[in-house]
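If you read the sequences in order, they're chains R and Y.
The opening position of the first sequence corresponds to residue 1 in this note's numbering, with each subsequent residue numbered one higher.
The opening position of the second sequence corresponds to residue 1 in this note's numbering, with each subsequent residue numbered one higher.
Careful: at least some of the hints might be erroneous.
Straight-line Cα separation of at most 16 angstroms, EDC-like style, residue types lysine to aspartate or glutamate; simulated pairs [to be verified]:
| id | chain 1 | residue 1 | chain 2 | residue 2 |
| --- | --- | --- | --- | --- |
| 1 | Y | Lys42 | Y | Glu5 |
| 2 | R | Lys368 | R | Asp444 |
| 3 | R | Lys677 | Y | Glu186 |
| 4 | Y | Lys42 | R | Glu155 |
| 5 | R | Lys422 | R | Asp459 |
| 6 | R | Lys339 | R | Glu171 |
These aren't lab readings, by the way, just hints derived from the structure by calculation.
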Amino acid sequence: MSVEPGGEVGGEITKIASEHAAQNGADAAAPSNHVGQAMRRKEDPRLITGRARYVDDITLPGTLWMAFVRSPEANAKIVSIDTSAAQEHPGVHAVFTGPDLTDLAGPLPMAWVPPGIEVNNPEHWPLAREHVRHVGDPVAVVLGVDRYGVVDAAEDVVVEYDALPAVTDPEAALEGPPYVHEQLGTNKVHEWSLPNDRLQAGFDEAEVVIERRVVNHRTAGAPIEPRGVLADYRAGSLTVWSSTQVPHFVRLFLAILLGMSEERVRVIAPEVGGGFGAKLQMTGEEVLAAWCSRKLGQPVKWIETRSENMAVNHQGRDQIAYCRMGAKRDGTITAFHVKIIADLGAYNMLLTPTIPALGAFVMSGVYKIPAVHTDVVGVFTNKCPTDAIRGAGRPEATHMIEVCIDQLAAELDMDLLELRRKNFVPSDAFPAEMATGVIYDSGDYDKSLDKLLEHVDLDAFRREQTELRQQGVYRGIGFSTYTEICGLAPTRVVGPEGFGNQAGFWESALVRVHNTGAVTAYTGASPHGQGHETAFAQIVADKLGVDPSVVEVVHGDTGTGPEGRNTYGSRSLAVGGESLARCAKKVADKARAIVAHQLEAAPEDIELRDGKFSVRGSPDRGMTLAEVAGAAYLNQVPEGMEPGLEETSFWEPENFVFPFGAHACVVDVDAETGKVKVVRYVAVDDCGKAINPMLIEGQVHGGVVHAIGQALYERVHYDESGQLITGTFVDYALPTAAELPSFELDRTETPSPVNSLGVKGVGEAGTIAASAAVTNAVIDAVRPLGVSYMNMPLTPMRVWEAISEAQGRKEGVSA
Amino acid sequence: MIPAEFDYLAPDSLQEAIQALADGGEDAKLLAGGHSLLPLMKLRLATPALLVDLRKVPGLHGIERENGSWRIGAMTTHSELEHSEQLGVVARAAGTIADPQVRNRGTIGGSLAHGDPASDLPAVMLITEGSVTLQGPGGQRVVAANELFQDYMETAIEPTEVLTEVRFPVLEGWGFGYQKFNRRSEDWAMVAVCAVIQQTGDICEDVRVGLTHMGSVPLRATAVEEALRGQSLNAENIAKAAQEAAQGTSPPADLNASEEYKRHLARVLSRRALEEAAGLS
Ligand SMILES: Cc1cc2nc3c(=O)[nH]c(=O)nc-3n(C[C@H](O)[C@H](O)[C@H](O)COP(=O)(O)OP(=O)(O)OC[C@H]3O[C@@H](n4cnc5c(N)ncnc54)[C@H](O)[C@@H]3O)c2cc1C
């Protein structure tokens, strides 16, 4: 029997509300078992039917289009800029250059101030002042009524450059002039270390030491939707729609740079078509659109072209690492030292110099290495700046470790997996304090490798490999047993007093139950393709006993929910999802109190069962969330309790989370041409408790493709004069479905103790794991031809050259 | 990514199209499938003032067999060629062009008129010893494939001429092979080799080998042909002949393929294409 909520007066409204709820299914008692289900994505119908709203779909009356004049030079002084012809173009309202931006409060932000470390951080303005430092560096903007017209007009801006020699090789750049920023007298950005005083002892103990120069070349994020911004300044307030991962950061910085009070700035990330880190940024384009809108009193829109995206959206990786790994003859690894030279491009963007340092925290991989030491040197070059791209420092770290492990196994003539197992952090050691100073939350590395080997019969593979070689087919297998550090938080470690990022790393949530029992859940996370609306709805639904279909997850708008910390570093679920779970629990607690009050029971005796808050032991005495909401909004709440059914939470965890897993890749190498074909890819990942296994698979698929892309196909390349050679999708070769096998995925579930959901992140895991597996597989395939090591990208020519060289060596020896 | 301003015309007849080209002068360009021209315009590497679209012009479409020859309308798409297996090596090569979207729009006429040495069909036209028919203000002329391609993206077609059809002999009884090497299946050829062989028993009566992207124009590997003609078609002879594939070529190098690598590829792919054509693989 359920209590009829609503008294005399409110009865009618409540009745209407509950009828409405019945029609929409909001009042339905739903069993609380949505978490763990492979529920279809709530986002997909609008995406699949083309009804989603991206920045470019939003139009405001009177909008002016913004087009850029960008530098064709890699390094040059600006001698003069003549904008007169462009100003004359029909429909052009204004042309601005660097010196016009005098009222900006400061240059573009760089948010990393590591205690005790000096970081060279020359001013970086949205439009170049006097000097351009990479191809694509913006020099002027043209604003006008027509999207095409402003591009035509931009071509008529005449810029005279005094071209200077470009700096493109980061190692040469460290040696001195020319300098990217002349006034610094150096190209060095910073030196940072995660030191270990046992390093020397570790190498002293070692009986074998391998050294490799591991190159992790530059890649692009290449989101399918390039960036875009629409800024509307009117009546003293600014609204900005931006294709960004970090609307909350963008609001803060826009307010600061434009000298506006923060409450007057609203930033909305509408549908965002992929980010991959490339939209974790405070861009000059956003600042300019807002500044121009204020200046001209009209909305201003800029939609990035693919060519612009390839040239100026920040890029990733680009590290040369000198790796030394020491071990005893029995395979016990005693020390690992990595010295990274990171090519950061021409400027520091939001997090540029932190990225190579991030990898240091997992430089131990899944191994109990007693001494792990990472040194980072950042270098300016005349290239597009680098910053976070999916994995941000951890793919590089995993690549170094996992490639070195294979190299070490070869050196020791030891089985690849035996060497790994010998050094695994044992499953009973968690939480495990590592030589890097971080504490791995949970893990079971043998279990994931065992699971992988259920899919991959290694002995059978080796037999097949031998047979195939006799037929001239070079098949290889490569493994990567990885962990990574994600769920970025806690502030104590990542923030100003720890690693030095100038922010707090909590996440916010607001859960609002409406009159009808429908729920709106606000999160400070800002998804851009991952599926938060589904996973977060599943979490909230279970806490409140409703169906996920009546839980709307709202995100990416600084004007609606609480202050948020956005989406990056695989943190959304582990920080934002948990925050939302806790918030929903607060709402459920209040619901319990209301139900107890209504049913004259003790709150402790109210349990959520089959979608009803019911009295323990008498399941027929209970209320659905809709009924509770009815009572809450009729102020039929216990004495002293506020009416309404809504809560806000801010939460941050005590530690990071450390997903892990074991991947295997099988490739065939055409020894005559060097072409590599991935024939099998098997991934066993553990991201703790699965909220939605289908979303996990989607993330792993994309992540693995991202890394296969880097290993075999993708590469941003600048020639010696600093010209970008890979500016289109013809030259920047993203892999397509035709190049890839069907992935075989499996999981283990080792809950994280760091949050109540037991979850870890999975958005970057595939990318972090896979490049080493592919590289190791290719090397394994061509070892009989005399090749023992190669760096990515393993393009056909590179593999062919390595084989030819090895064969030449052989012939040289035998001759 | 945003082209410069241009005018657009879609005439109903060939005469009107030719007239429009003549009136438009240097700045007028024909538009077929647009899959070579539009990308260039978007990058502003081409800035024609007028596009004359051939899509409404009648009679430019279709595949017919006529007196031992194939006659293919200029506006016939790669996809139609791909699905006309009877065209042998032409169908095979067309099926390797880019992806289905490109093949559904791109045309044989556009591909030959564009004269990109990395495109698949030009070298194939060389080994089928075909020809193109050109219609201009002064009438019609026929140009043999080996005279069509003059330099990098330069053909014998005058700015006021329309390529209306392609003809090539039916190679009845010839075996063929096509080996295209690229990084991704949708990419242009780093190098491609096409081969046709006419054989009696295991003797090579005649052989033609074409090279894609080994120079500024598509090439015939005549040294390979000479080395194999009259020989017995075994693996050893084919391998030996294929060694000649790079002779006299000056392949354009890029980031992913040096000249040396391309020469190597030409030899490997020639061997494979010949083995395929001879039925040995
Ligand atoms: C992503 C991508 C990948 C590609 N990969 C390949 C590949 O692997 N192999 C390959 O061969 N091609 C490839 N192409 C090119 C594609 O095949 C083009 O379709 C073809 O080269 C041109 O045909 P079109 O009909 O699109 O010509 P258009 O682009 O319309 O025209 C090309 C040129 O030819 C002229 N022209 C067109 N028709 C005529 C005519 N009838 N008479 C006179 N002049 C004419 C035009 O004025 C223009 O100068 C690719 C294209 C893209 C976009």
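Next item on the list: For the pair supplied as a hint, Y/Lys42 and Y/Glu5, confirm whether the alpha-carbon distance does not exceed 16 angstroms.
Entry: Since the Cα atoms of Y/Lys42 and Y/Glu5 sit roughly 11 angstroms apart, the hinted pair holds (cutoff 16 angstroms).
Next item on the list: Would you check the hint for R/Lys368 and R/Asp444, treating anything up to 16 angstroms between C-alpha atoms as holding?
Entry: holds, 13 angstroms
Notebook entry, point to check: Keeping to a limit of 16 angstroms between CA atoms, is the pair of R/Lys339 and R/Glu171 held or broken?
Noted result: OK: R/Lys339 and R/Glu171 at ~12 angstroms, within 16 angstroms.
Check: Is R/Lys677 close enough to Y/Glu186, meaning Cα to Cα at most 16 angstroms?
Finding: holds, 15 angstroms
Notebook entry, point to check: Do the alpha carbons of Y/Lys42 and R/Glu155 lie within 16 angstroms of each other, as the hint requires?
Noted result: Holds. Y/Lys42 to R/Glu155 sits at ~14 angstroms (cutoff 16 angstroms).
Next item on the list: Assess, step by step, whether the Cα of R/Lys422 is no farther than 16 angstroms from the Cα of R/Asp459, and give holds or violated.
Entry: It is violated: about 19 angstroms lies between the C-alpha atoms, which goes past 16 angstroms.
Going through the hint list in order, the structure does not satisfy hint 5, though it satisfies all others.
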